[in-house]
Amino acid sequence: MCGEVMVYQVKVPVFEGPLDLLLHLIEQNEVDIYDIPISLIAQQYLEYLALAREVDLELTSEFLLMACNLLAIKARMLLPRHEAASEEETEEDPRKELVQKLLEYKIYKEIAGELKSMEALWSRVYWRETDEAKLLKEFPPSNPLGTVTADDLVAAYNRVLRKYEKKREVVSISRDEITVREKIEFVLERLSHKPAGLSFDSLFSGITSRSEVIVTFLALLELARRGIVLLRQARLFSDILIFLNESKGGEERADPVSG
Amino acid sequence: MPTLFPDEAKSVVEALLFVSGDPLTAQDVAGILNLEENEALAILKEIKADCEKERKGFRLVEVAGGFAFATRPEHAAYVEKLVRPRLSSLSQAALETLAIIAYKQPVARSEIEEIRGVKCDSAVSTLLERGLIEEAGRREAPGRPILYRTTPSFLKYLGLRSLEDLPAIKREEAEGQDRESQDRAG
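Top to bottom, those sequences are chains Y and L. Numbering that gives the first Met the number 0 puts the first sequence at residues 0 to 258. Numbering that gives the first Met the number 0 puts the second sequence at residues 0 to 185.
No wet-lab data here; the hints were simulated from the structure.
Derived lysine-lysine pairs resembling DSS-like cross-links, with alpha carbons at most 27 Å apart:
1) L:Lys169 / Y:Lys95
2) Y:Lys115 / L:Lys118
3) Y:Lys105 / L:Lys103
4) Y:Lys115 / L:Lys169
5) L:Lys103 / Y:Lys95
6) L:Lys169 / Y:Lys108
7) L:Lys118 / Y:Lys100
8) Y:Lys108 / L:Lys103
9) L:Lys103 / Y:Lys100
10) Y:Lys105 / L:Lys169
11) L:Lys118 / Y:Lys73
12) Y:Lys108 / L:Lys118
13) L:Lys9 / L:Lys47
14) Y:Lys115 / L:Lys103
15) Y:Lys95 / L:Lys118
16) L:Lys55 / L:Lys44
17) L:Lys118 / L:Lys103
18) Y:Lys10 / Y:Lys115
19) L:Lys118 / Y:Lys10
20) Y:Lys105 / L:Lys118
Computed, partial: chain L to chain Y, Cβ under 10 Å:
21) Phe17
22) Pro22
23) Val62
24) Phe68
25) Pro72
26) Val78
27) Gln91
28) Ala92
29) Ile99
30) Ala101
31) Tyr102
32) Glu113
33) Leu159
34) Leu165
35) Ile168
For each residue, glycine too, the CB sits at the ideal point set by N, CA and C.
Generate the whole structure from the sequences, applying the supplied hints.
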């Protein structure tokens, strides 16, 4: 067994940050948070950093920054205090800022604990989920535009166009001929991968020129007119979703109710 | 639409609850059935009581400002054999970050980091991915930092009716230390 390296398993607690570590030390030493024995706490803090380094626990730079801060406070506490010039003007406790930070952090650490138990309870509760895409398939609306109005379409179209206006610093010289027919293929291709619907904005993502946006939009209108795609808007001003109308996609679907 | 008898109204509200994706509010029900809001609320409460009385497998829960059907927690083991269990629980870092956002919203990342004393990038992006928080514009201050707030899904996640249902903050009063600020506030 010579040469075999003995590996010790050392349990080093992990802290969320320097404030978490300090709260732990204050609690462990049962000292008053308003009157922190800074030498003792600073020493234990540094011991933890050394231990963490020994076990290769990666600590963020904030831990080191706090170590400096603790030592600075310790140094200021050691300095002789000046006699207050007047009675009003009492010298500020060098620990004051740190104490306030610790108290503030402690509040949210405790709240996080409460949220955790709420999370544990409610993670065992399942909500009735409605699947918009599925509902639409079950009950295809007679109007392929659904509740989407012409104004909604114009607004969405203008929003996409505006994006291209901003990009016009670079002038393209070559002119690609793009046909509506090609774009119809393009839209159908995109939709075939998106059974849950494709958002209006993402249909246009990746398109580089204004003319291409216009032709793509024409293609979309043509598909909607023919009832091949369905448009749906969950709520006012939200993104418009585009779906493939499966009942138009070839064979008529059998009516599951009849019979 | 014709005026409904009470039993019919209850039946209609059950139908609305069944199809509604978001929690259904008394206001929604009042608008659809042409009722007063308190009448709508009474119907919702009655359906809720029915579920309890008959020990149904689901309850009507008041959440995120409305009412939604949800399974009983004690059935979780069975439900999870049918549907995908929920995502793993949040890390301590994510929970602390969420707590700060919940109470201080709208809040910038730097303010969260100031309180926690550490960087919060990954916690914030986890919470965004889970849909528990969302961007809430930018602060009109140098750097125009992005502000964050909690979403309705956050309320559902923790079973809260509204943000007012969050646990109360227990602030330890420093003896004498904050006297000055208290005087000013009072």
